[in-house]
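With these hints in hand, go ahead and build the complete structure from the sequences.
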Amino acid sequence: MSKNNIERISGRAPDELRNVSIKAGVIKNADGSALIEFGKNKIMAAVFGPKEVHPKHMMVSDRAIIKCRYHMMPFSTDTRKRPNISRREIEISKVIREALQPAIIMEDYPRTAIEIYIEILQSDGGSRCAAINAASTALADAGINMRDLVAACAAGKVNGQVVLDVDDTEDKTGEADMPIALLPNTGLITLFQLDGNLSKEEFDKALELGKTGCDKLYKLQRDALSEKYFNDKNGNKEE
Amino acid sequence: MSKNNIERISGRAPDELRNVSIKAGVIKNADGSALIEFGKNKIMAAVFGPKEVHPKHMMVSDRAIIKCRYHMMPFSTDTRKRPNISRREIEISKVIREALQPAIIMEDYPRTAIEIYIEILQSDGGSRCAAINAASTALADAGINMRDLVAACAAGKVNGQVVLDVDDTEDKTGEADMPIALLPNTGLITLFQLDGNLSKEEFDKALELGKTGCDKLYKLQRDALSEKYFNDKNGNKEE
Amino acid sequence: MSKNNIERISGRAPDELRNVSIKAGVIKNADGSALIEFGKNKIMAAVFGPKEVHPKHMMVSDRAIIKCRYHMMPFSTDTRKRPNISRREIEISKVIREALQPAIIMEDYPRTAIEIYIEILQSDGGSRCAAINAASTALADAGINMRDLVAACAAGKVNGQVVLDVDDTEDKTGEADMPIALLPNTGLITLFQLDGNLSKEEFDKALELGKTGCDKLYKLQRDALSEKYFNDKNGNKEE
Amino acid sequence: MPAVKKRRIVDSITKESIISNLANSTRLDERGLLDYRNLEIETKILKDKTNGSARVKLGESEVWAGIKVETANPFPDTPAEGVMTCNAERLPISSQYIEPGPPDEDTIELSRVSDRGIRESGMIDVKELCIKEGERVYSVYVDVAVINDDGNLFDAVAYAATTALLMSDMNKFTIEDDEIKMLDEKQPLPIKSVPVSTTFAKIGDKIIMDPNADEEEMATARVTLVTDENGKYVSAQKGKPGGFTFDELREISVISKEKGDEIRIKIREAVKNGA
Amino acid sequence: MPAVKKRRIVDSITKESIISNLANSTRLDERGLLDYRNLEIETKILKDKTNGSARVKLGESEVWAGIKVETANPFPDTPAEGVMTCNAERLPISSQYIEPGPPDEDTIELSRVSDRGIRESGMIDVKELCIKEGERVYSVYVDVAVINDDGNLFDAVAYAATTALLMSDMNKFTIEDDEIKMLDEKQPLPIKSVPVSTTFAKIGDKIIMDPNADEEEMATARVTLVTDENGKYVSAQKGKPGGFTFDELREISVISKEKGDEIRIKIREAVKNGA
Amino acid sequence: MPAVKKRRIVDSITKESIISNLANSTRLDERGLLDYRNLEIETKILKDKTNGSARVKLGESEVWAGIKVETANPFPDTPAEGVMTCNAERLPISSQYIEPGPPDEDTIELSRVSDRGIRESGMIDVKELCIKEGERVYSVYVDVAVINDDGNLFDAVAYAATTALLMSDMNKFTIEDDEIKMLDEKQPLPIKSVPVSTTFAKIGDKIIMDPNADEEEMATARVTLVTDENGKYVSAQKGKPGGFTFDELREISVISKEKGDEIRIKIREAVKNGA
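So the protein sequences, as listed, match chains A, B, C, D, E and F. In short: position in the first sequence from 1, add 111, done, that's the numbering used here. In short: position in the second sequence from 1, add 111, done, that's the numbering used here. In short: position in the third sequence from 1, add 111, done, that's the numbering used here. In short: position in the fourth sequence from 1, add 60, done, that's the numbering used here. In short: position in the fifth sequence from 1, add 60, done, that's the numbering used here. In short: position in the sixth sequence from 1, add 60, done, that's the numbering used here.
Quick caveat, the hints were computed from the structure, so don't treat them as lab data. Take these hints with a grain of salt, some might be off.
Straight line, CA to CA, 20 Å or less: simulated SDA-like cross-link-like pairs of lysine to any residue [claimed, not checked]: (1) K332(E) with E289(E); (2) K139(C) with E102(E); (3) K167(B) with H168(A); (4) K311(A) with I315(D); (5) K192(B) with T138(E); (6) K246(E) with I105(E); (7) K316(A) with D307(D); (8) K241(D) with T138(E); (9) K322(A) with E311(D); (10) K311(C) with D137(F); (11) K252(E) with S310(B); (12) K162(B) with E159(D); (13) K330(B) with T297(B).
Residues from chain B that keep clear of chain D, each with C-beta distances beyond 10 Å, as calculated [claimed, not checked]: (14) I138; (15) M169; (16) H182; (17) D219.
A quick note: this is a predicted structure, and the numbers were derived from the prediction, not measured. Glycine is no exception: its CB is placed at the ideal position from the N, C-alpha and C atoms.
Below is the structure:
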């Protein structure tokens, strides 16, 4: 699908991701953690738990509860963000939690809490997808039992062309953005949002393209975990 | 008392109420509810309970506790009201709760909470009195044991004349407003406020006039309950 | 050290305090209380406790917990202060609590709370030190077992001269302010802050001067307590 | 950051009935899988204090929307554009599961998804809401009250907001000697399209539309798609901690348009009847 | 929306004594039913930072009021009127039953009733607080601190606020070349009347005035009436979950004026002594 | 007003080891009493969205600082001065003992002490941050994120803030026909000095520097001193509910300058390497 396309501002092919690097185990005090650099995004995720539930009445007897907070540092945005948590951050925290939860075997940790903290240190387009990749890697790094990793990537429409992974420069003239999170083993899409304007054809194409992006992120997460645990950049080793 | 009077903007007689309609049982999820239209006021009240007390330490061993919230929707006022709860709403919630509480046989429901929620969807003068009538009807509709219904109406002074039931057009040139709530069976006035400027004679006259208004509202509440339970608009049936 | 000095705006000698008066037992509902007038500062401190701990989970099994709030009334400042608690008030509450705590024999009151409330009714320079003197007196007035009283006073630099007890007129042109709290018996400095610009020599001189100020405040606290309990202005009586 | 809160409880008999019905591709209330409940739209219900209003009943779910058009300073980065804000409140009268107080994450999501549906569809031409560039613009407040919650608030709120906007007017103005003067005369809002929201839920492997409250609670995943009259997809939001397959989303996107067109007719009818 | 909070506890011996005294139309502190406690009013107690101040001791209840007169932009709907705001804080030093933190509903009621008493009486001529129409007005802040709470704060706060306002000055100004200049010279506030608050409580079937904290806790109903020097009723507020009969309210309204006149004399004396 | 919160727990074996080591004037991590941990300073780590940035690792403590220089209206009482604000956030990723939410008193103290160190040292010439008196000034926001907390955040935050400010630029401007125009061209911040923070803790009767998290928890008292390159003391803050003697404070003040000078060299090196 890379022929006859309009050139992207970034010079990327329509199905080309920005540069991505993921590093697991970057925060000593956390049970699991990861730093993702995804284009200009710099995002840290840390996982604490399974741990005691506070306040007590939130405890569930047959499974863990998941807490998740997506938070932007004031210096992470073009114009300084005010330190108070915004409605946008509350909504994104919710959709990220719901994207990750199906991957976590919550029944293995009854009466506990698993806390996922995501910090946007530098933001670019697609920060929620980048955050999900970091958080998924951090969950695995924390040794939490998981059905699958959760890979996330957005597709969108810029200058009338459906493209993968819209960055914030493209976003200014972009016509649509469709972030997706995928559990590749089960084929389940656990995050799905759309803002913009897509025809049925474009909608299907964006979905398809988003999937290929998720597949790439899935591999990058596995590489990051392999690198930490087996010092193996190719991520091919079996557990 | 309808002779030799200055004409009201609304064309009403000094002792004439605005149009009032009360309908019980309008919210399916509530244990009891009512919609009152009182002039331009459109107000819904819903009652939940007797129910478990949260948080637990607020539970009282020998009676129910009453919670009450008077809340205005942003679109209910001339200029859009900001969504946060205002100090005015907190005060009115308190005086309404204290107006209703003497009618509720709280000892019949130890260790429980009875919650009264009042939503101002469209406001006019006298919204707190209208709200009390709706809430009283909703309490009865919820089957809460009551000593009496609580009827409420304001009297006031406009253009030097003591009149019943000041609306918001009159309020702009009004000189006094005196909202009253009454338990007709016991003769107890359980809401009583005054803002403005009244001589002793006017004070007494306003009290008297307010009482006649309450008596009318008392009948309207009973009609609404009869209509719901006996499909009888005249409200004459015995229980 | 009072020779060859630049004249202070107030006419005070470099090592001279403003007028100070302390009165114990001024608030009937409190377990202990004091009013200090320190220059233009008018500050009340009240102590409640040892009392039940709320919320329960804050209770400590082998000692009391100390709560402390430093709060300014809106009318206490040059420009009206907004009623919400400020970050400055939160920080000062913390350093005052930490200044007082070493004097309290917390082990004598396991599973309880001791609450210290400080109200700035009129502010002047040095309000945190004045507040500590009031709170220390109030603790003693409440009969709380203490290792020592806590005396507090600031030194500073104005017009290049190290002086005791900077008031708010001097503060406008002042170059440094160093508030100190002292447990005279143990020689422990439990509050120590500095803002400004001091050479090593000035630093040492300010420390020294601050100590002499604390010694004076120590005596004034004892006088106030004596006056209340023994009606003896000289404070010489033994307990 | 609440992870667990007071959630709707569906009793086990209802649960089993819902599931056994779905196994036969029908619903406890006898609807087919893709059927909407009865939709009633009434306008001008708050005519004394709003620029436009609508009440929507979707089955037993009921919401009221009111529009207030005021004037405001433009945002510095869009000096020639007016402002539209949509805010939904789940009132405590609407359900025993709603506590009064600041909005929880579900309510914030509801507000933001409703807001995006209007915003991303370009329903309102914000450039036409400019009174004087850099100085004064119209500010359109869409407030929606949830009166009774029996599920699928995303659609009910969207329909009420859209209808109220279609019914809404705003004051005309003149500029004389550089001075803005607002007039008593009214004009309609600059409307460019009519977005329609449709919502799907997944229980087991069945996809249903317009879930009621019990179905919504049992669903593992929910998705709302908003389409416009040109058949364009303008907004989407998946919710709940489960997922859809790619095939399911593709199929949903087809149905969304068809149902959206049907509902758009109902909205236009209500507006016509109200006008 | 708190329904139950930490409430004053009156022990059963005190309760019984209060009731048996009332049966003989006397009070535990030997007052008659309609007697006020000793009222001390002192002015200029915060003279270094305020435009006016007063301390009121009503029995063991003690409150301090301070006035700050600043300048502000007028509200858009009253461009030629200044602003007056009255705010009471029940400080945690005043009682073991007060928690620090944002004001609870009792404190909000206390603030709002005090504010209305001043506002509705027209005590301050807000038109005279205008500096330049539509641009600049005086803003008068009345802040009252409750230092010790032994009941009847409604009256104590009102007396302190009123006295402090009567003592208060504000800076003069000039306008030259359309530019406002605030001067150091002072002028008194534009005072038009002296409202006086009186408070009644009902225990059993007895009506008493100026309830102390124990009496207030035991009362089923409380009512505050504010009258001005022309004998007009300008503000009222009933509190507590009980009620009064019409006859009681009529009787109360008569006594309110008499007592109000007596207290007005004391306030004027304090102001005269302080001037 | 929290008195007790979720506090770091130091197990008894670690406690005993720390104490027995200190008895021999050494530390569990083999440092001497006055040794700092390894200090790494890296710059330009957030170059895409900030005017300046720095990452500091002090042992296992890690903080990131980012500077944003925007424009704002000046405060009325300082019409010819720009604004500098320093704010530290202890992120929940940094420790299991940090809860998300509004800052607690420890975080507020950390922010305010960091802010005062920069402010009182006169590091930034706020007069040079004036664009047009009374109308427009630069507003310098220093935000610092605590990424991993292993103690001595006061120093780590101060070093990151100082380094980021030294690295920071801001847009130039011109004024034509009384109209301010911000240019794309950059200029450095008006820096006048380089304050350096040093922190001491007291465990038993031993004074140590740069306490790690376990040491900090065990310490009865902590004190931070900030000195500038002229050897002046510009800021200090004692923390924790214990105290120092006068002799200890005098000794600490001497060491603070020496260590400050050493660390200032490292900061300047990092800035030079980053430039």
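Verification of the supplied hints:
About 17 Å separates the Cα atoms of K332(E) and E289(E), which keeps this hinted pair within 20 Å; it holds. With a C-alpha separation of about 19 Å, the suggested pair K139(C) and E102(E) falls inside the 20 Å cut-off, and the hint holds. Distance check on the hinted pair: K167(B) and H168(A) sit about 11 Å apart at the alpha-carbon level, within 20 Å; holds. For the suggested pair K311(A) and I315(D), the alpha carbons sit about 11 Å apart, so the restraint of at most 20 Å is met.
Between K192(B) and T138(E), the direct Cα distance comes to roughly 18 Å. Compliance with the 20 Å bound is thereby established for this hinted pair. Between K246(E) and I105(E) the CA atoms are separated by roughly 19 Å; this keeps the pair inside 20 Å, and the hint holds. A distance of roughly 13 Å separates the Cα atoms of K316(A) and D307(D); the hinted pair therefore holds under the 20 Å criterion. With a CA separation close to 18 Å, the supplied pair K241(D) and T138(E) stays within the 20 Å bound.
Taking the CA atoms of K322(A) and E311(D), the gap is near 17 Å; set against the 20 Å cutoff, the hint holds. Restraint check for K311(C) and D137(F): not satisfied, since their Cα atoms lie roughly 32 Å apart, outside the 20 Å limit. Between K252(E) and S310(B) the CA atoms are separated by roughly 18 Å; this keeps the pair inside 20 Å, and the hint holds. In summary, the hint linking K162(B) to E159(D) is supported, as the alpha carbons are separated by about 13 Å, within the 20 Å threshold.
The suggested pairing of K330(B) with T297(B) holds, with an alpha-carbon distance near 16 Å, which does not exceed 20 Å. For I138(B), the shortest C-beta to C-beta distance to chain D comes to about 5 Å, within the 10 Å cut-off, and the non-interface label is violated. No Cβ of chain D approaches the Cβ of M169(B) within 10 Å, the least distance being about 14 Å, so the stated non-interface status holds. Here H182(B) does not stay apart from chain D, with its beta-carbon only about 7 Å from theirs, under the 10 Å limit.
No beta-carbon of chain D is positioned within 10 Å of the beta-carbon of D219(B); the least distance is around 20 Å.
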